[in-house]
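Enquirer: Protein chains in written order, with the numbering used here: chain A, 1 to 720; chain B, 1 to 720.
Keep in mind that a hint or two might mislead.
One copy or two, it doesn't matter: identical chains are merged, so the pair holds either way.
Unchecked claim - Derived pair list, reagent style SDA-like, types lysine to any residue, alpha-carbon separation capped at 20 Å:
(1) Lys655 - Ser58
(2) Lys599 - Ala242
(3) Lys689 - Leu649
(4) Lys43 - Ile121
(5) Lys655 - Asp62
(6) Lys655 - Glu63
(7) Lys397 - Gly580
(8) Lys288 - Thr490
(9) Lys166 - Glu524
(10) Lys238 - Leu708
(11) Lys125 - Tyr102
(12) Lys127 - Ser58
(13) Lys42 - Lys288
(14) Lys599 - Pro349
(15) Lys397 - Thr328
(16) Lys31 - Ile156
(17) Lys127 - Pro155
(18) Lys100 - Asp62
(19) Lys238 - Glu670
(20) Lys706 - Thr233
(21) Lys706 - Asn230
(22) Lys43 - Thr152
(23) Lys689 - Asp364
(24) Lys253 - Gln101
I should point out that these hints are in silico values taken from the structure, not numbers from a laboratory.
Note that the structure is a prediction, hence the values are computed from the model and not measured.
These are the residues of each chain, in order.
2 protein chains.
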Amino acid sequence: MRLSYLILLGCLIFITGKSENGYDLWLRYAKLTNDKKLAEYKKQITSFRIEGSSPTLSIASDELSRGLLGLFGSSITQNKNAGSKGNLIICGRIESPAIKQYLQNTSASTLGNEGYTIQTITKDKQKITLIAANEDIGVLYGVFHLLRLIQTEQPIHQLAVTEIPKIKLRVLNHWDNLDRTVERGYAGFSLWNWHKLPQYIDQRYLDYARANASIGINGTVLTNVNANANILTEDYLKKVEALANAFRPYGIKVYLTARFSAPIELGDLPTADPLDQRVQQWWNDKAKEIYQRIPDFGGFLVKANSEGQPGPQNYGRTHKDGANMLATAVEPYKGVVIWRAFVYDNNVPDDRAKQAYTEFKPLDGTFKENVLVQVKNGAIDFQPREPFHPLFGAMPKTPLMMEFQITQEYLGFSTHLVYLSTMFKECLEADTKTSDQMASVARIVDGTIDKHALTGIAGVANIGTDINWCGHPFAQANWYAFGRLAWNHTRSSEAIADEWIRMTFSNEEAVIKPVKEVMMASREITVNYMTPLGLHHLMGWSHHHGPAPWIKDKHRADWTSVYYHKADSLGIGFNRTATGSDAVSQYSKAVAAKFSSLKDCPEEFLLWFHHVPWDHQMKSGRTLWDELCHRYYEGVDSVKWMQENWQSLKGKVDKERFDEVTSLLALQYEEASIWRDACLLYFQTFSKKPIPSTLPSPKHSLEYYKNLTYPYAPGIKSEW
Amino acid sequence: MRLSYLILLGCLIFITGKSENGYDLWLRYAKLTNDKKLAEYKKQITSFRIEGSSPTLSIASDELSRGLLGLFGSSITQNKNAGSKGNLIICGRIESPAIKQYLQNTSASTLGNEGYTIQTITKDKQKITLIAANEDIGVLYGVFHLLRLIQTEQPIHQLAVTEIPKIKLRVLNHWDNLDRTVERGYAGFSLWNWHKLPQYIDQRYLDYARANASIGINGTVLTNVNANANILTEDYLKKVEALANAFRPYGIKVYLTARFSAPIELGDLPTADPLDQRVQQWWNDKAKEIYQRIPDFGGFLVKANSEGQPGPQNYGRTHKDGANMLATAVEPYKGVVIWRAFVYDNNVPDDRAKQAYTEFKPLDGTFKENVLVQVKNGAIDFQPREPFHPLFGAMPKTPLMMEFQITQEYLGFSTHLVYLSTMFKECLEADTKTSDQMASVARIVDGTIDKHALTGIAGVANIGTDINWCGHPFAQANWYAFGRLAWNHTRSSEAIADEWIRMTFSNEEAVIKPVKEVMMASREITVNYMTPLGLHHLMGWSHHHGPAPWIKDKHRADWTSVYYHKADSLGIGFNRTATGSDAVSQYSKAVAAKFSSLKDCPEEFLLWFHHVPWDHQMKSGRTLWDELCHRYYEGVDSVKWMQENWQSLKGKVDKERFDEVTSLLALQYEEASIWRDACLLYFQTFSKKPIPSTLPSPKHSLEYYKNLTYPYAPGIKSEW
């Protein structure tokens, strides 16, 4: 005991020395502090057993050992004896005899490739917790599930869980360039150290895969949608292969972005015309080469004919021609093509919100079966709030893959605390009214409405080389929430926040309550201080940091702010009704009618769809101008409220993260104030009305805010 | 005891969960495994006391607590009682009464601002270890010293240590750009997250400062010598101020690089002529602005009129004019100007090795007293091996600051294990023979020879955002060795390696011996497989990765490889004797005579100074060509020996770093083989001789090696 006491104190250095730097994400496995629950869990589980062997099952076994050791504070050993005593966990494939004997009545067929079941069975006074699945990856998912239940102090004495993902492809999109800059990345630089690959496998690659597996993400697109053809060269494919090998045991497939002009750049062809046989052959050969290295390669993600990227239209062909050519190339290997609907023409003067629908709806039904069309949640570009994209429900014959942005390009980079789950859910739950059934966006994406087997959801990653992965400790919650919703979009944002807080900070109610309140309110707060009432696209030029509603006269009208807010002496907002751009007509009749009506249009979308007079009376009784002022002030004041709430946690969470979030919230407050003051002072030049006297005056002049610059702001696309 | 047992096991997760990812550098404070020594140390130290209070002394106190807790495995508490019992450490300023009573005979005047003394005193059967200094930073240095003694298992029962740094300015040069790319950085990106500064102080900044303080580094130049004027704007100076505040308690001063044309770019002046009064005023004002924010700002580092950078010569002025103008600006605040001698003219056709001397020697004695001229160790550019720079000893009236490169621009990036201390020492110990005394480079740099009070040494940092700071676990040793040598250049490379291995890996002889052997041999091995026998500048274009002896016909002759090796049908090497460029004449007569003589010239510099016939007989008895072949092969074979040595450590060091180094050594072997084969096949086209039959043949053709490309290799200067 003396020895163990010494060792114990030796260990303390690891606690004091190794700080809570955020690297461990939601997988900290900190020892449970609730003694009663701890005792219950320990009674429940005295050992575990893994049936079968594979790299994935080894990971499951390691995770159980590591997780239970951490949570229980004592090691739970793996027990290989079939007839072992005590209460235990048995993990394995349903087909293995040791599992089968207990699960005669479980229908394996319903679980699919990734689903799993967790069942508590009592036999001969022994309690057995079974984690079973058809495939090893399901077993691993089940292990993470059980560990999560314990991490969050949920009861595990009578489990009867069956989990099957609602969406098939649950994919991160990394906008990572080969020089390791990350377009719209605010957490350092790209994880992929191409220079040291393929030989050197950074431990971080494995930790990344593990974190993704813990939330059910099963694919990763390694490269930027603004693609670089070099990734398809032999040298780089060797590197991709090494990453694919590292990720495979975690159930994660690798995808790449395909630069449409690659046959010219790499293949010395004079054209990239998708109907040219040489081009088709080049892609067929390239697919063959890739699949020889990576038999489970996921497929290609393509941004074509958008923002200057090459595409089939360069050759007078359509998106269908381009997508189907690539789909043909990967079809023999069961690969998919994910074709982005985020397109807008340099030369089309029409409302940019309409262009994706205009181009893609006519193509519905023309794509090959292994093509998904990836549609952003809204029709502009990941703004703090957008109405759902009109393509959802408009292309029933095509699997539409959701594209969310986890990285906070327009939501405060990695300095603002914004929990995005509520934004994701707002879109997923929106009723498109395109069917007799309840046709929510989620039910379109998950294939329910149109009976698609191939379904997908993508999140533009917020992950980089920062030690805490995401730059802001709370940005980790957005990665987490994306994964959890991708698996099951019916989960509530609150439940997800609850889990995440418990795993990331503490199971103490005094922590959970204030943190959850802050998280749940945070996105609306950000909308208020950035773009309230349906305003959008007011951000700084190019880097997209900070407010710049005054941006105008650029080479593209739809890259300016004035194009979107259209403030003038009469009012503010983009008239997208029939008297304006008529973008509303792209929605179902019922939805269009609602958005078109100045009266019925939800106020949060008011200025998205209407140009509204400054004196328009709002539901609050205030004029539009006064309401706008109140919203901006409310947004900033709410950041103060967030700060106060956070301060209540002093001493209840570790000092390192407490201090970190404290200073980030102070920075958020400062930046929120700049948003408010800059926008109101600018809009005031049109409204000619005073800021209500009950509200304090902006600190500086409009000129001051216009002169703020942010050189070398992170996340700008590098040139190649 | 039951509780502690549970806690003990709880701690284990921190050990298993928190891996040896290298973040802790040489400050791991792992519990001592030698029980006998541990018991002795614990008897020796039962508590400690800090006299006085300041941010620096708080850091000293925290470090002692943390260090002793880790090393002892039990907490040593701070005891504030003056008359406390047991054996203790007392730390504080010499002037404080509690210290003074024991140290009546110690002359404070000899210790200076940074020195310290550690004395063991026995009184009333109490053993007291005193750590005393004139300033708080000396106390902190002393604390790190004592902890290092324990970490490395040295005796501490009768200490009588007095340490004073031999060189005054011990500075890291970060070639960090404002966009966070790092010129010649191979460990990720810049630590300085400018976007989140000044509000957000990353914990990493403090950990960086702590690591530097632990080895006595007292300055950091934050920005690239290829300077960006924006760093001198108010917005950026606020950020610099925040970093300076964070570093100050660790004894680290901040310096900036000054872009010579800043008065034009920022000040709207039509000129940057150093003799123009408006320009002088602009710099005076800028210095005042900086010192108002940062009263202990170190000063400016300047690269002028070199590689396209602006400088005084643009206006027909000299380096003296430029340096003195800046020196005048910072003089009132005790700042310094560090003016780089690494200059070479675009248009001068003379041997580049001669240019720095040619330009700077005539200026000796003309610089103001607060100017140092910073000279690279060799006259070309941080090659694997260069003879010492001829300026050392040639400018007795000017303090010459040494510039070493810690980042491995020409020594295998962060994939090759190369311990640079032996290279640093080779230069420091070189005898310039410019004085009657023993005028080694070190004694010129440290001011001994020419009686300079202002002295300095700089290391181009190898630090980035990689979790282990330096990319390669062993690259940490080069940061460490630089700091230790900067403090005291008489330390041996072997002693430094010994310390570092013990602190970083283990005190076990079975670890120390093989690792030290590998480290001590590593630089010579790299010279052999890259540039043996005095060859230099054979590396790839621009990114400097891999071999490219074939580079020719570029817009600058002296950026090609053929300019340096001059291989032809007769022989190989650069004739720098009187019959050639006569660069030897820049050395003292004795040194010049030695280098000039084909017979006396050390073989490691042979081809640096001589164009030598392929059949020239070497000391080994072999012809030059055969010797060249043998050296290249020996270099590569020695990497295999390094691998074998490393494998002997399996199970003796942690798995994470063992695996990491294993795969990096494999990569090093691969790249070393490419160097050997590419260089020999290329030189063979001139020698027309076979590779000796006893040596295996290269795997591929010369064309194969010429066609290897390294797109997006790290460390290339970004454009701004």
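Enquirer: Give a verdict on every hint.
Expert: Results for each hint:
For a Cα distance limit of 20 Å, the shortest separation of Lys655 from Ser58 across copies, 17 Å, qualifies, whereas the shortest one inside one copy, 35 Å, does not. With identical chains, the CA atoms of Lys599 and Ala242 are never at most 20 Å apart, being 57 Å at best within one copy and 51 Å at best between copies. Within a single copy, Lys689 and Leu649 get their C-alpha atoms no closer than 41 Å, and across copies no closer than 76 Å, so neither meets the 20 Å cut-off. In this assembly of identical chains, the alpha carbons of Lys43 and Ile121 lie at most 20 Å apart only when taken from the same copy (15 Å versus 56 Å across copies).
Proximity of Lys655 to Asp62 under the C-alpha cut-off of 20 Å is restricted to the inter-copy arrangement: shortest distance 15 Å between copies versus 30 Å within a copy. For the homomeric pair Lys655 and Glu63, the shortest alpha-carbon distance between copies (17 Å) is at most 20 Å, but the shortest distance inside one copy (27 Å) is not. Taking identical chains as interchangeable, the C-alpha atoms of Lys397 and Gly580 are never at most 20 Å apart, the minima being 30 Å within one chain and 79 Å between chains. Proximity of Lys288 and Thr490 under a CA criterion of 20 Å is satisfied in neither setting, with 39 Å inside one chain copy and 61 Å between copies.
Taking the closest pair of Cα atoms, Lys166 and Glu524 never come within 20 Å of each other, the shortest separation being 27 Å inside a single copy and 60 Å across copies. With identical chains, the CA atoms of Lys238 and Leu708 are at most 20 Å apart between copies only, with a shortest distance of 14 Å across copies and 45 Å within one. With identical chains, the CA atoms of Lys125 and Tyr102 are at most 20 Å apart within one copy only, with a shortest distance of 14 Å there and 72 Å across copies. In this assembly of identical chains, the alpha carbons of Lys127 and Ser58 never lie at most 20 Å apart, being 23 Å within a copy and 53 Å across copies at closest.
Neither within a single protomer nor between protomers do Lys42 and Lys288 lie at most 20 Å apart by alpha-carbon distance, with minima of 51 Å and 66 Å respectively. For a Cα distance limit of 20 Å, the shortest separation of Lys599 from Pro349 qualifies neither inside one copy, at 29 Å, nor across copies, at 79 Å. For the identical chains of this complex, Lys397 and Thr328 are intra-copy neighbours only, at 18 Å inside a copy versus 76 Å across copies, given an alpha-carbon limit of 20 Å. In the homo-oligomer, the alpha carbons of Lys31 and Ile156 lie at most 20 Å apart inside one protomer (17 Å), although the nearest pairing across protomers, at 38 Å, exceeds that limit.
For the identical chains of this complex, Lys127 and Pro155 are intra-copy neighbours only, at 14 Å inside a copy versus 56 Å across copies, given an alpha-carbon limit of 20 Å. For the homomeric pair Lys100 and Asp62, neither the shortest alpha-carbon distance inside one copy (23 Å) nor that between copies (57 Å) is at most 20 Å. Taking the closest pair of Cα atoms, Lys238 and Glu670 come within 20 Å of each other only across two copies (15 Å); inside a single copy the shortest separation is 46 Å, beyond that limit. For the homomeric pair Lys706 and Thr233, the shortest alpha-carbon distance between copies (17 Å) is at most 20 Å, but the shortest distance inside one copy (45 Å) is not.
Taking the shortest Cα distances, Lys706 and Asn230 sit within 20 Å of each other only across copies (19 Å), while inside one copy they are farther apart (40 Å). Within a single copy, Lys43 and Thr152 get their C-alpha atoms as close as 17 Å, which meets the 20 Å cut-off; across copies the closest is 45 Å, which misses it. When the C-alpha separation of Lys689 and Asp364 is checked against a cutoff of 20 Å, the pair qualifies neither within a copy, at 48 Å, nor between copies, at 69 Å. Taking the shortest alpha-carbon separations for Lys253 and Gln101, neither the intra-copy value of 33 Å nor the inter-copy value of 70 Å comes in at or below 20 Å.
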